[in-house]
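Each chain is listed here by its residues.
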Amino acid sequence: MFAIVIGGGKVGANVTRSLAERDQEVVLVESKASRADTLESEFGHRVIHGDGTELYVLEQAGVTRPPDIVVAVTGDDEDNLVIAQLCRERYGVEKVIARVNDPRNQAHFDLLGVTPTVCPTQRIMALIEHEVPQHALVHLLELRKENLEIIEVEIDPKCPCVGKPVNELGLPTGAKLISVLRGGVAEIAMSSTVLEVGDQVLAILEPEREGEVRKVLLGS
Amino acid sequence: MGMKVVIIGCGRVGAALAHSLADDGWNVVVVEMKEENLSRLGPDWRHPLVLGHGMDEKVLEKAGVATADALIAATDGDNTNLVVAQVAVQRYKVPHVAARIQDPARADAYAGRGFEVVSPVKMAIDGLADFARRAKGDGG
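From first to last, the protein sequence lines are chains A and B.
Quick note on numbering: my numbering labels position 33 of the first sequence as 33, and the sequence is numbered without any gaps.
Just remember that my numbering sits 1000 ahead of the position in the second sequence, which is counted from 1.
Calculated directly from the structure, the hints in this document are not laboratory data.
Some hints here could point you the wrong way.
[Stated by the list, open to error] Per label pair, the in silico range of CB-to-CB distance: (1) L141/A x A1066/B: 28 to 34 Å; (2) E1116/B x R214/A: 26 to 32 Å; (3) R1046/B x R214/A: 44 to 50 Å.
Where a beta carbon is used, it is the ideal one built from N, C-alpha and C, also for glycine.
Sequences are here, hints too, so could you generate the full structure?
In structure tokens form, the structure reads like this:
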């Protein structure tokens, strides 16, 4: 595998090290001279000093071969976006991973078709929500490309779905229950499964259906 | 009702552009991240200003991008301008969008995407090359 990593901060340096340790061919691009020097002492000829959003720098890094994957992990979202677009659209790189630093910029990555993205803040928030739920509905996983999400809901006594079988819940199309965790045992949700207080229910749905699903399961 | 233009970035280019378009009768809205840069517009500037980053959708919406006739991304960051211009075209359907792109290579790479790419560096290169050609013509 040949990978180009752009951005030599903590993430980029560690990704480069991990790939190098697995004997993969990797080139790391860093724009700051002082940081590039430091990285060069560890990674040697694998480091290229330059602005990874400049075409000639990308070409120096070997983007025209093209690489199997480009990892855009600079600290600037606009740079990661442009790197991803250039690599994919101009150089035909098939796989590009981009880092989203500010979760508010996720919408731009989605709009411009840059996927997959990794947003550490969003991941941490999802874990916080999962570990210490503040809401009855927890987002477990977002499948952006597929326009689906997986959510978890805990059924409490006030929920309108208590005592009803799945096929009588009136779930909208575009939403399906996956499983019910009851007393520590998880079971696939069948149309005949009757929901009870304390159940932890997993559902897969189109994000735009979330309001309806919330209403069906939680009542609000 | 006059035409409305949103200018992103109030550096040397953005500020001068804002004045120039205001003189032409545009309703100008300037978006700038750094408050101190707004002073470039001078004490008599009467058009609306929005403080914030051009990639922030809330800021764009506050500037009224959804109802703008034109948007010009003129910050000193090529990549910021490229992203803002694409968001303006694709999300907000702004009819006329232009981006200032210093790097001629990136300017070429982003040509033909529904917004005008203006590269000051390319203009300088073309202008200076033109000068040299004329000088050569005079001499020969």
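Assessment of proposed distance window 28 to 34 Å (beta carbons of L141/A, A1066/B): Roughly 32 Å apart at Cβ, these two residues keep to the hinted range, so it holds.
Mind checking the hinted window 26 to 32 Å against the Cβ distance between E1116/B and R214/A? Roughly 44 Å apart at Cβ, these two residues miss the hinted range, so it is violated.
Quick check on a hinted range of 44 to 50 Å for R1046/B and R214/A, using CB atoms only. Since R1046/B and R214/A have Cβ atoms about 47 Å apart, the given range 44 to 50 Å holds.
The structure fails to meet hint 2 from the earlier list, while all remaining hints are met.
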